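Protein chains: 2
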Amino acid sequence: MNQSQRTGPSSVRVGLLQMSPEPSPARNLQKALQGIDEAARRGAKIICLEELFLTRYFPQTEAARHFKLAEPIPGPTTRALAEAARKHKVVILGSIFEKRAGGIYHNSAVLIGPEGKLLGKYRKMHLPDDPGFYEKFYFTPGDLGFQSFSTPHGRIGMLVCWDQWFPEAARLTALSGAEILFYPSAIGWAAGESPKVRKRQQSAWELIQRSHAVANGVFVCAVNRVGREGKIKFWGSSFVADPFGGLVAKAGPEREEILIADCDLSKIRQTREDWPFLRDRRIDAYGALTSRFLDPRT
Amino acid sequence: MNQSQRTGPSSVRVGLLQMSPEPSPARNLQKALQGIDEAARRGAKIICLEELFLTRYFPQTEAARHFKLAEPIPGPTTRALAEAARKHKVVILGSIFEKRAGGIYHNSAVLIGPEGKLLGKYRKMHLPDDPGFYEKFYFTPGDLGFQSFSTPHGRIGMLVCWDQWFPEAARLTALSGAEILFYPSAIGWAAGESPKVRKRQQSAWELIQRSHAVANGVFVCAVNRVGREGKIKFWGSSFVADPFGGLVAKAGPEREEILIADCDLSKIRQTREDWPFLRDRRIDAYGALTSRFLDPRT
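Each protein sequence line maps, in turn, to chains A and B. FYI, the numbering for the first sequence is 33 to 330, going by the working numbering. FYI, the numbering for the second sequence is 33 to 330, going by the working numbering.
Not one of these hints is a red herring.
Where chains are identical, the list cannot tell them apart; a pair therefore holds if satisfied intra-copy or between any two copies.
Capping the alpha-carbon separation at 30 Å, the derived lysine-lysine pairs in DSS-like fashion look like this:
1. Lys299 / Lys265
2. Lys100 / Lys63
3. Lys263 / Lys299
4. Lys299 / Lys168
5. Lys228 / Lys299
6. Lys282 / Lys228
7. Lys231 / Lys282
8. Lys63 / Lys149
Since the hints were derived computationally from the structure, they do not count as laboratory data. The structure displayed is predicted, hence computed values, not measured ones.
Sequences are here, hints too, so could you generate the full structure?
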């Protein structure tokens, strides 16, 4: 349902599972289900897992053997999450290494409703390729675009990690009616980076995502993994931002945590009326956003 | 010249004039010229004035008599700034209430080179209309698009105040090759707003502009007026952000100030290589950014 159609209380409790995956996918699924139980017990109605929660962050290296970690959607993990959603009558967002066809794999996210139905799917559109984050090797660029999906607890947009640096992704998802943007993530520091550099990176990461909340008047939930895996120390620090970019809740940088926060969705309308940015976009002048670069001649 | 062509030292000193205009435009021009003298004396090579520096912030009310404050470009103010630019061999950005034709006025910015030539002009694209900020009454929406202009001290993009809330404006200006985005501004608190609301507004204002630095790997300079005028207390707090959103320098919220900062333009290339967002934009999937809203059907 969209904003104008919603009736009843406008506040929705979200639960963000900031975890530190172990080597065994079976064990990580078990931990995720336990985390969902706990978040649901604490009243969360929308529960989001971190990016690729089922495995260690395998894109640290390029190795074809990792393709066997992929699975179809729907598949065993979707089904396990659907059962948990049905059990607790909650909405669940899971991030899954999707096997679509031989040679076509995606970094995908699924949205499961409280009846256990698959309400939506997203395939990561922006893929990093940087030392330690070799995602362009594993994942085919997403082809489902930027969408959002109706749930009984609000209209949800899913974006994944690297997408968080692109204002276009947040904007398009918000324009499709999203009230909350979720960013399952796996971002951390490379070995040997100084405390100053670390702080700078984490600050920019938080800042750019909070800016999407401001620009679009939506809630933003970033759900990051935590802990050391190989050469990367994932920085956790999952957070929820309100529609003017204010921090509602924030997890620490060191430990597994279930971050619970209440999102009053009526703040979306209120913020957008006070700061009517969506009224004033110059859509007549944005055509060149589909250009790679506007090479300067002078 | 663009980045690859520049030779010599890559650091450029900017000077931001955070002023509190008095009722007399002649007096404000005199103060601006004194400020330019002082900034140049302190080594600034690019000097930026705040939005509509020549006058009090007249859009607090809608009154046709204020149209007489407008002037053509080039006109007396452009000429006075050009003389100052030539005198000090500096680049100057001035914000001017432009009279284009009877009934067509713009909130414009001019870029003047060290020889006193008009290098570029910008007409504010996004116009606010909110209590105390009735700009849609005075200004015709800009029709020059989002551009940047080459100067001996870097390639400069000009945007004005309300533009700062729109990631599209920063993106397009950066894609045109801008290395530094300047935002002459006039933003403040309405009477009666609580300290908590004030802090929230100012934080969001700083955050969204720093996010443009992050998303685009450019320097961002925000130049705001300061002091009380009628029912608005302008919050100053002009700042310079580096290409990963870090604060280089920041002025206070209470007083007139000349904020001096060094921008090492080589950090642009370096930041963009470390964080290659411009490499990964999904230009095949951004077409709907020219839509007003993507009305959800489900």
